[in-house]
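Enquirer: One letter stands for each residue in the lines below.
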Amino acid sequence: MLRLLPRPRFLLGTAVAVAVAIGMVGGVAGCTDVDLATPEQPPQPTQPATAPTSTSGSEGTSEGSSSLATPDEAASLESDTTVEGTLAAEPGVTPPALLPGTAEPTAPAVRSGTTPESEGPAPTEEPTSPTQTEASPTDTPVPPTDTPVPPTNTPEPPAPPTGNRIGQSAPDFEVTTVDGVTRSLTDYKQASQPVVLYFYASW
Amino acid sequence: MRNLKEVYEDYEDDVAILGIDQDPSESESTIRRYVQSQGYTWDMAAYVGEVVFGYGIIQQAAAVAIDGNGVITYRKGYRDGTISARQWREILDDVKSR
Numbered sequence: 001m002l003r004l005l006p007r008p009r010f011l012l013g014t015a016v017a018v019a020v021a022i023g024m025v026g027g028v029a030g031c032t033d034v035d036l037a038t039p040e041q042p043p044q045p046t047q048p049a050t051a052p053t054s055t056s057g058s059e060g061t062s063e064g065s066s067s068l069a070t071p072d073e074a075a076s077l078e079s080d081t082t083v084e085g086t087l088a089a090e091p092g093v094t095p096p097a098l099l100p101g102t103a104e105p106t107a108p109a110v111r112s113g114t115t116p117e118s119e120g121p122a123p124t125e126e127p128t129s130p131t132q133t134e135a136s137p138t139d140t141p142v143p144p145t146d147t148p149v150p151p152t153n154t155p156e157p158p159a160p161p162t163g164n165r166i167g168q169s170a171p172d173f174e175v176t177t178v179d180g181v182t183r184s185l186t187d188y189k190q191a192s193q194p195v196v197l198y199f200y201a202s203w
Numbered sequence: 001m002r003n004l005k006e007v008y009e010d011y012e013d014d015v016a017i018l019g020i021d022q023d024p025s026e027s028e029s030t031i032r033r034y035v036q037s038q039g040y041t042w043d044m045a046a047y048v049g050e051v052v053f054g055y056g057i058i059q060q061a062a063a064v065a066i067d068g069n070g071v072i073t074y075r076k077g078y079r080d081g082t083i084s085a086r087q088w089r090e091i092l093d094d095v096k097s098r
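So the sequence lines, in the order shown, correspond to chains L and G.
The first sequence begins at 1 in this note's numbering and counts up by one.
The second sequence begins at 1 in this note's numbering and counts up by one.
The following block holds chain L by itself, in its conformation from the complex:
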């Protein structure tokens, strides 16, 4: 455990700094650490409620608390990781997408769920997972930034819609006169000649 203590400090300090400055880097580091820590996490499912508070408190004085009361933190951290692991295990696919913005919280959880079997020597790294969790709350506010998409307006076509009302494009027609001449609206338009249709009967 003594060995464990130094790492948490280092990891916490670096992770927080990196997370604030660069979300990506913190996420990557956290992910690697988490993998190692994961094996221990599964056994501690009971402390989910307390875990969030402990992580929040650790954020403010992460280094000092970790160094002074490592066992408690370790437990709390473990509990946190386990909670995340359980939560993350459900949406297993989502973490990779979140990595760039809020990579840290989701990534560790996923790996913890998947990797515990493969890796045994993880105990020292559990503390790192909490740092990741801590970093994640700070990171989450950042990702919401939305890229503005300016609406594009397409210019209206010059020709109005076809219809039989004033202002509309007259529907095309083609008729043959009683003298055997074919007349069509297309021909009139090609000649740019106005035309008046006059509907009547001989009676």
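Among the clues, some could well be false.
[Stated by the list, open to error] Partial list, derived from the structure: chain L residues whose beta carbon lies under 7 Å from chain G:
1. N153
2. S169
3. A170
4. F173
5. V178
6. S184
7. S192
8. P194
9. V195
10. V196
11. F199
[To be verified] Short, incomplete list of chain G residues facing chain L, as computed with Cβ under 7 Å:
12. V7
13. A16
14. I17
15. D23
16. P24
17. R32
18. I58
19. A62
20. A65
21. V95
22. S97
[Unchecked claim] Here are the simulated DSS-like pairs of lysine-lysine, each with C-alpha atoms no more than 30 Å apart in a straight line:
23. G/K96 - G/K5
24. L/K189 - G/K96
25. G/K76 - G/K5
26. G/K5 - L/K189
27. G/K76 - G/K96
28. G/K76 - L/K189
These aren't lab readings, by the way, just hints derived from the structure by calculation.
Because the structure is a prediction, the values reported are computed rather than measured.
Glycine included, every Cβ here is placed at the ideal spot set by N, Cα and C.
Given the structure of chain L, go ahead and fit chain G onto it with the hints provided.
Expert: Relative to the frame of chain L, chain G by itself:
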């Protein structure tokens, strides 16, 4: 019809007139005789249902003016009153100026 005939000579070079019979029962020969007897010189076609319905013609002696771009600029039905010679000039002057 007579009113249009009265002004037609002044516009026949600028505006085409295409008469379309509204009575499906009238044959081309009947129309031809009628036109000749009245001295109408503009184009006249027998009833074509798709044109009558396509232009929404539901009144007798309906006129639809279309400018050189194919846009409808005026339409009037018999229910609005017979088109007088003066009104024909207004219609033809308007559609010619578009």
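Enquirer: Hints first: check each against the structure and report whether it holds.
Expert: Here is how each hint holds up against the structure:
no., hint, in the structure
1, N153, "23 Å, violated"
2, S169, "5 Å, holds"
3, A170, "5 Å, holds"
4, F173, "5 Å, holds"
5, V178, "5 Å, holds"
6, S184, "10 Å, violated"
7, S192, "4 Å, holds"
8, P194, "4 Å, holds"
9, V195, "4 Å, holds"
10, V196, "5 Å, holds"
11, F199, "5 Å, holds"
12, V7, "11 Å, violated"
13, A16, "4 Å, holds"
14, I17, "5 Å, holds"
15, D23, "4 Å, holds"
16, P24, "10 Å, violated"
17, R32, "5 Å, holds"
18, I58, "10 Å, violated"
19, A62, "5 Å, holds"
20, A65, "5 Å, holds"
21, V95, "4 Å, holds"
22, S97, "9 Å, violated"
23, G/K96 - G/K5, "17 Å, holds"
24, L/K189 - G/K96, "13 Å, holds"
25, G/K76 - G/K5, "17 Å, holds"
26, G/K5 - L/K189, "24 Å, holds"
27, G/K76 - G/K96, "17 Å, holds"
28, G/K76 - L/K189, "21 Å, holds"
Against the hints set out earlier in the document, violations occur for numbers 1, 6, 12, 16, 18, 22.
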